[in-house]
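**Q** According to the working numbering, the stretch in the sequence shown is residues 313 to 397, in order.
Honestly, I wouldn't trust all of these hints.
[Unchecked claim] Computed Cβ-Cβ distance ranges for the label pairs, DEER-style:
| # | residue 1 | residue 2 | range |
| --- | --- | --- | --- |
| 1 | 394 | 337 | 38 to 46 Å |
| 2 | 357 | 337 | 22 to 30 Å |
| 3 | 356 | 321 | 22 to 30 Å |
| 4 | 319 | 389 | 32 to 40 Å |
| 5 | 370 | 318 | 23 to 31 Å |
Hint data in this document are derived by calculation from the structure and do not stem from the laboratory.
Here a beta-carbon is modelled for each residue, glycine too, at the ideal position from N, C-alpha and C.
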Amino acid sequence: MPTEDDRPAVIPSEVDPDVECVRIDDPGELAKPPEPPGAAGGQGPRLCPDGYLPRRRSRGEYPLAGKRVVTDEPPILNPDDPASY
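Make the full structure from the sequences, and use the hints.
**A** Listed below in structure tokens is the structure:
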């Protein structure tokens, strides 16, 4: 059920630039996310305010084709791979 809420759907985290906070409309149905390391006991800054859950931002710094990274450079052999000898 949509809510009459003026809050934005996604906001950046004030603590971690690699995290964005996604609004939740019914927090009673969701499990509580794990606390980040060092924040045990409620100490330290929270990733997101109440009513939001954290998610990692997509980097988008490189083009992808399926699971392959697409580059203009030639492939480089892995020196630790015995199949490349």
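**Q** If you check the beta carbons of residue 370 and residue 318, does the distance land in 23 to 31 Å?
**A** holds (26 Å)
**Q** Per the hint of 32 to 40 Å, is the separation of the Cβ atoms of residue 319 and residue 389 within bounds?
**A** Given range 32 to 40 Å: violated, Cβ gap about 51 Å.
**Q** With respect to the beta-carbon atoms only, verify the hint that residue 394 and residue 337 lie 38 to 46 Å apart.
**A** violated (53 Å)
**Q** Confirm or reject the claim that residue 357 and residue 337 have a C-beta distance inside 22 to 30 Å.
**A** Between residue 357 and residue 337, where Cβ atoms are some 24 Å apart, the hint holds.
**Q** Using the C-beta atoms of residue 356 and residue 321, is the stated range 22 to 30 Å upheld?
**A** holds (26 Å)
In terms of the numbered hints stated before, the structure departs from hints 1, 4, listed from lowest to highest.
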